[in-house]
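All chains, full assembly: derive it from the sequences and hints.
Residue numbers (our numbering), protein chains in the order written: chain U, 1 to 117; chain L, 118 to 377.
Keep in mind that a hint or two might mislead.
[Said to hold, decoys possible] As a list, the in silico SDA-like pairs of lysine to any residue whose alpha-carbon atoms are at most 20 Å apart:
1. L:Lys-293 / U:Leu-82
2. L:Lys-316 / U:Leu-82
3. L:Lys-355 / U:Arg-7
4. L:Lys-355 / U:Tyr-16
5. L:Lys-205 / L:Ile-127
Just so you know, the hints here were simulated from the structure itself, not pulled from any lab data.
Fair warning: this is a prediction, and the values are worked out from it, not measured in the lab.
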Amino acid sequence: MALLRLRESQITKIHYLTGILSLFAVAIHIIFRLIMPFGQSLSYENVVANYHNIFYVILLESILVLISIHGFNGLRIILIELRQLHRWESTITILVLISMVGVIAYGTRTIVIASGL
Amino acid sequence: MSNEDNKKVILKVYRTNYNKDDSPHYDKFEVPVKRWTTVLDALLHVKSYSDSSVGIRYSCRMASCGSCGMKINGRPSLACYTKISELKDDVVVCEPLPNFPRIRDLVSDFSQFFSHHKNMKPFIQNDKVSLDIDDKHDLVEFEQTHEDVDRYLQFSYCIRCGLCYSACPTVATDPKFPGPQALSQAYRYEADSRDDSKKTRFNIIDERHGIWRCHFAGSCSVVCPKGVDPALGIQLLKGHMLGLSKNNKKLSNLRTKNKE
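Structure (structure tokens):
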């Protein structure tokens, strides 16, 4: 599995990059919420309208992917520090990868259904 | 005689023998101290006049050998470099270094620490230089400028006392982590213009329990008795590995000795 063979420096590059990019993406997301009164921005019609805006859909998908990669890798780092066995490390890496793909797939499904694409 | 000359402190020494399953406890000793008395002096006073069985490791008494590292009043320090008057406390607690397997009393086992150090190949490696020298005229020397030396000089002051290793929170949870001492030595040789084995060392530290597990707590630099900043070395090394910072290292030229 190519992902398991990545060197830690390559994974760290991805980790830092997704962390920085997700900061920007979340900032844009928050600014979107602030261009109108907060309560109004969360009204049903507004939320559905947001999902039908292709740029907003791309932004949501980016946030989902970036935060999932960054967050799940953070979780992997915490877990592999707990035990120093090669089998544990590989198992954790595979489990975290599967969970990450699962969360991204489920989130993408929600975005696709809501946007009516 | 002034009050200072009669001053006494209580030395609380951690006692146990792991080979005999002794339960850990603290022994208290009253020790006379002067303004210049170090913790090592006080411990040696205890060994001479109170209890000769107190286990300590020491050698040079001048912060050069790095043997007498221990936790003094909760902080990893060299016993020979810590004056009791500077602790500003009437009770001095001496415990073995954390993050090290313990042997007896204040003596800890440095095997794992030295093994991490050895893994970094802490010596100059240069393919241009042959190690098989039959004739003294085959000897070569490297040309280095002052700037070349400044890049690694502070890291070469390391005396391998293990204080940074004992203060590191990552080592406390992950014994496979090389620790600040070994990583700063990897940087020391990476920054040295005489060394060209960057790739070999990068491969050693670029793994799951390698350099990326450093969370930059910075406690290693705080406790170093020689003024080395291992946390800086680790961050510089990380920057080089990610390609974020340039080393600007130019390998030294070789100067061959002229045949007479």
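Is the hinted pair L:Lys-355 and U:Arg-7 satisfied, with a Cα-Cα distance of at most 20 Å?
holds, 13 Å
When you check the alpha-carbon spacing of L:Lys-316 and U:Leu-82, does it fall within 20 Å?
This hinted pair is violated, its Cα atoms lying about 29 Å apart.
For the pair we were handed, L:Lys-355 and U:Tyr-16, check the Cα-Cα distance against 20 Å.
Judged against 20 Å, a Cα distance of about 12 Å means the pair holds.
Are the Cα atoms of L:Lys-293 and U:Leu-82 separated by 20 Å or less?
The hint holds at about 11 Å.
Between L:Lys-205 and L:Ile-127, is the straight-line Cα distance small enough, at 20 Å or below?
Holds: L:Lys-205 and L:Ile-127 sit about 12 Å apart, inside 20 Å.
In this structure, the one hint that does not hold is number 2.
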